[in-house]
Amino acid sequence: MSKTSAGRFFEDYSVGQVIDHAVPRTVSGGERALHHALYPARHALHSSDVFAQACGLPASPIDDLMAFHLVFGKTVPDISLNAVANLGYVEGRWHRPVWPGDTLRARSTVIGLKQNSNGKTGVVWVRSEGVNQHGQIVLDYVRWVMVRKRDADAPAPDTVVPELRGALDALDLVLPEGLDFTRYDFTLAGEPHRLRDYTVGEVIDHVDGVTVEEAEHMLATRLWQNTAKVHFDLTVRPEGRLIYGGHVISMARALSFNGLANAQMIVGLNGGAHANPCLAGDTIRAWSEVLDVAECDAPGVGAIRLRLVATKGGEPSTLRGEDGRYLPHVLLDLDYWALMPL
Amino acid sequence: MSKTSAGRFFEDYSVGQVIDHAVPRTVSGGERALHHALYPARHALHSSDVFAQACGLPASPIDDLMAFHLVFGKTVPDISLNAVANLGYVEGRWHRPVWPGDTLRARSTVIGLKQNSNGKTGVVWVRSEGVNQHGQIVLDYVRWVMVRKRDADAPAPDTVVPELRGALDALDLVLPEGLDFTRYDFTLAGEPHRLRDYTVGEVIDHVDGVTVEEAEHMLATRLWQNTAKVHFDLTVRPEGRLIYGGHVISMARALSFNGLANAQMIVGLNGGAHANPCLAGDTIRAWSEVLDVAECDAPGVGAIRLRLVATKGGEPSTLRGEDGRYLPHVLLDLDYWALMPL
Amino acid sequence: MSKTSAGRFFEDYSVGQVIDHAVPRTVSGGERALHHALYPARHALHSSDVFAQACGLPASPIDDLMAFHLVFGKTVPDISLNAVANLGYVEGRWHRPVWPGDTLRARSTVIGLKQNSNGKTGVVWVRSEGVNQHGQIVLDYVRWVMVRKRDADAPAPDTVVPELRGALDALDLVLPEGLDFTRYDFTLAGEPHRLRDYTVGEVIDHVDGVTVEEAEHMLATRLWQNTAKVHFDLTVRPEGRLIYGGHVISMARALSFNGLANAQMIVGLNGGAHANPCLAGDTIRAWSEVLDVAECDAPGVGAIRLRLVATKGGEPSTLRGEDGRYLPHVLLDLDYWALMPL
Numbered sequence: 001m002s003k004t005s006a007g008r009f010f011e012d013y014s015v016g017q018v019i020d021h022a023v024p025r026t027v028s029g030g031e032r033a034l035h036h037a038l039y040p041a042r043h044a045l046h047s048s049d050v051f052a053q054a055c056g057l058p059a060s061p062i063d064d065l066m067a068f069h070l071v072f073g074k075t076v077p078d079i080s081l082n083a084v085a086n087l088g089y090v091e092g093r094w095h096r097p098v099w100p101g102d103t104l105r106a107r108s109t110v111i112g113l114k115q116n117s118n119g120k121t122g123v124v125w126v127r128s129e130g131v132n133q134h135g136q137i138v139l140d141y142v143r144w145v146m147v148r149k150r151d152a153d154a155p156a157p158d159t160v161v162p163e164l165r166g167a168l169d170a171l172d173l174v175l176p177e178g179l180d181f182t183r184y185d186f187t188l189a190g191e192p193h194r195l196r197d198y199t200v201g202e203v204i205d206h207v208d209g210v211t212v213e214e215a216e217h218m219l220a221t222r223l224w225q226n227t228a229k230v231h232f233d234l235t236v237r238p239e240g241r242l243i244y245g246g247h248v249i250s251m252a253r254a255l256s257f258n259g260l261a262n263a264q265m266i267v268g269l270n271g272g273a274h275a276n277p278c279l280a281g282d283t284i285r286a287w288s289e290v291l292d293v294a295e296c297d298a299p300g301v302g303a304i305r306l307r308l309v310a311t312k313g314g315e316p317s318t319l320r321g322e323d324g325r326y327l328p329h330v331l332l333d334l335d336y337w338a339l340m341p342l
Numbered sequence: 001m002s003k004t005s006a007g008r009f010f011e012d013y014s015v016g017q018v019i020d021h022a023v024p025r026t027v028s029g030g031e032r033a034l035h036h037a038l039y040p041a042r043h044a045l046h047s048s049d050v051f052a053q054a055c056g057l058p059a060s061p062i063d064d065l066m067a068f069h070l071v072f073g074k075t076v077p078d079i080s081l082n083a084v085a086n087l088g089y090v091e092g093r094w095h096r097p098v099w100p101g102d103t104l105r106a107r108s109t110v111i112g113l114k115q116n117s118n119g120k121t122g123v124v125w126v127r128s129e130g131v132n133q134h135g136q137i138v139l140d141y142v143r144w145v146m147v148r149k150r151d152a153d154a155p156a157p158d159t160v161v162p163e164l165r166g167a168l169d170a171l172d173l174v175l176p177e178g179l180d181f182t183r184y185d186f187t188l189a190g191e192p193h194r195l196r197d198y199t200v201g202e203v204i205d206h207v208d209g210v211t212v213e214e215a216e217h218m219l220a221t222r223l224w225q226n227t228a229k230v231h232f233d234l235t236v237r238p239e240g241r242l243i244y245g246g247h248v249i250s251m252a253r254a255l256s257f258n259g260l261a262n263a264q265m266i267v268g269l270n271g272g273a274h275a276n277p278c279l280a281g282d283t284i285r286a287w288s289e290v291l292d293v294a295e296c297d298a299p300g301v302g303a304i305r306l307r308l309v310a311t312k313g314g315e316p317s318t319l320r321g322e323d324g325r326y327l328p329h330v331l332l333d334l335d336y337w338a339l340m341p342l
Numbered sequence: 001m002s003k004t005s006a007g008r009f010f011e012d013y014s015v016g017q018v019i020d021h022a023v024p025r026t027v028s029g030g031e032r033a034l035h036h037a038l039y040p041a042r043h044a045l046h047s048s049d050v051f052a053q054a055c056g057l058p059a060s061p062i063d064d065l066m067a068f069h070l071v072f073g074k075t076v077p078d079i080s081l082n083a084v085a086n087l088g089y090v091e092g093r094w095h096r097p098v099w100p101g102d103t104l105r106a107r108s109t110v111i112g113l114k115q116n117s118n119g120k121t122g123v124v125w126v127r128s129e130g131v132n133q134h135g136q137i138v139l140d141y142v143r144w145v146m147v148r149k150r151d152a153d154a155p156a157p158d159t160v161v162p163e164l165r166g167a168l169d170a171l172d173l174v175l176p177e178g179l180d181f182t183r184y185d186f187t188l189a190g191e192p193h194r195l196r197d198y199t200v201g202e203v204i205d206h207v208d209g210v211t212v213e214e215a216e217h218m219l220a221t222r223l224w225q226n227t228a229k230v231h232f233d234l235t236v237r238p239e240g241r242l243i244y245g246g247h248v249i250s251m252a253r254a255l256s257f258n259g260l261a262n263a264q265m266i267v268g269l270n271g272g273a274h275a276n277p278c279l280a281g282d283t284i285r286a287w288s289e290v291l292d293v294a295e296c297d298a299p300g301v302g303a304i305r306l307r308l309v310a311t312k313g314g315e316p317s318t319l320r321g322e323d324g325r326y327l328p329h330v331l332l333d334l335d336y337w338a339l340m341p342l
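Residue numbers (full-length UniProt numbering), protein chains in the order written: chain A, 1 to 342; chain B, 1 to 342; chain C, 1 to 342.
These are computed hints drawn from the structure, not numbers from a lab. Hints may be right or wrong, so weigh each one.
[What the hints assert, rightly or not] Chain B regions said to be covered by chain C (calculated; three or more residues, Cβ under 8 Å):
#1 14 to 25
#2 31 to 41
#3 217 to 231
#4 263 to 273
[Said to hold, decoys possible] A partial selection of chain A residues facing chain B, derived with a Cβ cut-off under 7 Å:
#5 PRO24
#6 ARG25
#7 SER28
#8 GLY30
#9 GLU214
#10 THR227
[Stated by the list, open to error] So the derived list for chain C, only partly shown, Cβ under 8 Å to chain B, looks like this:
#11 ALA33
#12 TYR39
#13 SER47
#14 ASP49
#15 PHE51
#16 GLY119
#17 THR187
#18 HIS193
#19 GLY201
#20 ASP205
#21 HIS206
#22 VAL207
#23 GLU216
#24 ASN258
Quick reminder that beta carbons are idealized off the backbone N, C-alpha and C, glycines included.
Model the full assembly from the supplied sequences, consistent with the hints where possible.
Below, the structure is given as structure tokens:
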């Protein structure tokens with residue numbers, strides 16, 4: 001019997017099944033330093049303990065997307081090893097910050113199944129959660145993927161398609177305990193713009209670009225213990241290793257500092273599409289569109305809903321062609337909520 | 001007089017000589033994070049404080065091979081700066097874990113000398129030790145190298161060839177204080193296989209591959225303060241920088257998670273050969289063969305002796321040609337003991 | 001109104017103006033580990049807590065140049081975003097060590113202005129300071145840059161050219177509190193040479209070379225939150241990303257261990273020129289010239305003034321051509337003070 005796992009196939013999932021993912025992880029200042037080395041990350045609340053303390057937190061938490069990637073990476077061997085396609089994610093919420101010294105593990109619950117008409121693949125919906133050493137949920141999100149069947153003759157499961165929301169309401173967002181932006185220092189944060197300075201529909205070009213190197217995206221993807229082979233093994237993709245979509249998200253988010261320096265903490269993920277593959281040598285740029293703004297139930301704190309688009313060149317605000325499909329230069333189209341001083 | 005050291009030559013060594021190596025090093029969570037960024041490392045005991053505590057340890061120790069590389073790196077300026085060839089290592093033992101906050105230094109004792117018949121080089125055997133801030137040995141190993149003479153007319157020393165064992169016995173292994181695998185969580189560790197599921201002679205193909213980049217192996221080799229110029233300076237090796245053999249060891253060990261997720265801690269090194277040079281662009285793969293299994297004197301703890309082979313392609317289980325020499329695709333042939341739940 | 005900053009132009013500066021720079025930063029063992037991964041850094045006092053404690057310090061401080069880069073990086077968006085040229089720095093002093101856990105911020109005071117005769121650019125002199133969480137200055141330096149005018153018709157300011165010293169006197173250097181080299185361990189430090197072994201005029205070739213990769217210099221430059229686009233975006237510099245000058249400084253300083261292992265702490269920066277651009281693929285080498293030596297007011301501590309030259313090949317001691325200009329192989333010409341056992 002082989003000791004190595006071939007991963008789960010479509011017929012291995014059942015609705016209600018709970019999968020505890022392997023390899024818990026303790027994070028430290030080392031992970032934070034690497035985050036700063038890998039991305040042009042400058043949001044002050046994730047850079048400085050003193051700044052975070054002035055915002056009511058005990059210390060500077062680990063970057064929110066890094067927490068997401070750490071949880072996501074743990075799910076890969078159980079959820080997407082035999083995935084034909086990542087179809088989307090939605091209803092992502094950050095429930096509490098991750099601090100240096102915390103240990104994260106992850107589990108997923110299967111919430112939907114639908115065999116495709118070709119009988120060879122099916123769609124699996126899971127709700128994945130990251131849990132800290134106190135058993136507290138730090139974040140959760142729904143993801144759905146198309147997975148191969150091991151045996152095309154295996155019977156189709158009953159179809160269960162979960163009801164999913166298009167986007168979280170601002171009222172659904174969970175605010176970090178103690179967060180208070182009433183003494184927020186805009187000078188140290190880097191920009192003067194508060195929530196009321198942004199208008200729905202406003203588009204912000206984040207100006208800078210980063211040309212991506214192979215070594216960088218592999219360091220990042222391994223840091224999150226995501227070992228999907230397409231990211232590392234050039235013999236399986238001689239045309240270029242496929243860059244983990246999360247690397248593009250974090251790069252675009254870091255670039256968005258320039259114009260959104262005060263969008264400090266990500267608390268909601270409404271959806272996202274990796275529109276086209278990203279390869280080493282691509283120069284990633286980003287722009288954002290303000291989708292919504294709201295007040296929150298914490299002193300001085302507001303929420304801004306943003307579309308974050310990453311491109312590898314081309315006109316900044318053209319996303320789709322006449323056929324409705326993403327144009328080839330679009331890498332990412334993400335919809336998220338962040339917290340910002342009112 | 002030149003301020004820079006030309007390193008030791010064969011006639012500078014004498015049996016019984018003790019060399020204290022320079023540059024002690026304090027490790028932290030930063031080194032651990034880099035280890036995770038540089039290798040697809042997922043062994044739970046080195047990833048999670050909580051998991052390590054459930055195994056009876058106070059916290060998650062620094063990766064065992066990283067401790068080895070840190071000690072090895074310190075010996076390079078004194079032992080192998082003028083080495084023509086690394087001939088081997090043997091009798092490596094880990095005596096106690098290295099924790100974040102520990103400071104390591106290294107010393108070597110010359111235990112053998114034999115001038116070669118050409119009169120231009122000789123073989124030097126040393127036993128090297130890593131020592132922590134409490135003066136405790138954390139690991140030791142024997143290594144032998146062929147070193148140039150400065151002056152071919154220098155007299156040959158008396159030949160002393162140390163008696164070395166082919167492999168450590170399981171009884172010789174030192175177990176970390178407190179280690180207890182009776183509450184071991186196989187789900188969090190990632191695989192269900194315990195020691196009794198492995199049979200001597202069993203071969204495990206670790207499936208995944210990683211195509212290596214220049215920036216990565218240089219980051220790793222510098223992290224261990226190993227500054228041998230062949231790893232860094234393309235002008236001395238225009239055909240490609242030679243990748244430090246330890247980088248190949250750590251990469252192969254990390255890849256071996258897939259099939260050996262429960263071989264948690266390395267405690268013995270029986271021998272190893274760097275069969276062929278590894279260069280950037282090579283895709284490293286690995287397979288293991290079970291050489292021996294044994295019970296240990298700690299609750300629920302067993303030991304597994306493994307041959308770990310790294311290749312850059314080719315048939316997984318062919319090691320040598322008809323002439324008995326390693327085939328060109330073989331990078332590493334390592335023999336070690338690891339601890340695993342019974 | 002655009003939310004992104006176009007940076008300051010020449011007419012935006014006035015003498016006496018104080019600019020508080022954004023993005024404070026808490027450092028940890030993570031930054032130290034990355035420093036060791038990025039450079040062949042082996043100075044014992046920055047590597048080992050135990051060694052640093054034997055020198056009278058509470059722990060091993062963050063590398064002095066890393067502290068400099070962290071402060072410098074914060075000034076970039078306010079000082080040099082529209083710089084045509086970095087003209088120089090001088091009067092740099094380290095006032096106290098930076099420890100893991102410290103939070104650094106930066107501020108600059110404009111101390112000089114001079115419009116160029118073409119009316120399109122001007123020179124701005126600033127004194128920049130790094131400040132820790134206790135409000136203590138950790139380092140300061142003067143830098144001057146040539147900056148574009150936004151509007152060529154804007155009136156010229158009164159010319160103020162600050163009086164700057166060519167080099168700091170040894171008496172001006174600030175010694176870290178408690179520093180004591182009377183129990184200095186030369187074996188652990190790696191070389192036997194004390195201050196009295198060096199003579200003014202002595203030249204030391206540091207022997208080793210490092211061929212630089214794109215991923216490495218980008219990791220380093222981001223780590224210091226320096227986001228100048230010429231370092232990252234290949235579309236704005238198709239001929240090759242320009243490597244941040246600070247990367248060359250830190251690489252050359254680390255290489256200088258070989259011959260200057262006991263020049264432990266940098267406490268003064270007298271001046272520096274980035275003679276020619278450095279690109280990925282260049283092999284950096286270094287040599288030093290002893291410019292001065294002095295005793296200091298701390299037990300066993302002396303100061304050595306060094307010229308540190310980085311090259312990308314060529315004859316080690318030829319700096320300038322017959323026209324007085326730096327030869328094309330010269331990358332860096334730096335003048336600094338370091339502390340060394342007497």
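Tested hints:
1. 14 to 25: With 5 residues closer than 8 Å to chain C, the segment 14 to 25 of chain B meets the three-residue bar; holds.
2. 31 to 41: Since three or more residues must qualify, the claim that chain C covers the segment 31 to 41 of chain B holds, with 3 doing so at under 8 Å.
3. 217 to 231: holds (count 8)
4. 263 to 273: violated (count 0)
5. PRO24: holds, 4 Å
6. ARG25: With a closest approach of 5 Å, the ARG25/A hint holds.
7. SER28: SER28/A check passes; min Cβ-Cβ to chain B is 3 Å, inside 7 Å.
8. GLY30: holds, 3 Å
9. GLU214: holds, 5 Å
10. THR227: holds, 5 Å
11. ALA33: The hint holds - ALA33/C has a Cβ within 8 Å of chain B, the shortest such distance being about 3 Å.
12. TYR39: Holds. Min distance 7 Å.
13. SER47: holds, 5 Å
14. ASP49: holds, 4 Å
15. PHE51: With a minimum Cβ separation of about 5 Å from chain B (threshold 8 Å), the hint on PHE51/C holds.
16. GLY119: Interface hint status for GLY119/C: violated (44 Å vs cutoff 8 Å).
17. THR187: holds, 5 Å
18. HIS193: holds, 6 Å
19. GLY201: violated, 14 Å
20. ASP205: Constraint on ASP205/C satisfied, holds at 7 Å.
21. HIS206: holds, 7 Å
22. VAL207: holds, 5 Å
23. GLU216: With a closest approach of 5 Å, the GLU216/C hint holds.
24. ASN258: holds, 5 Å
Going down the numbered hints, you'll see the structure goes against 4, 16 and 19, while the others check out.
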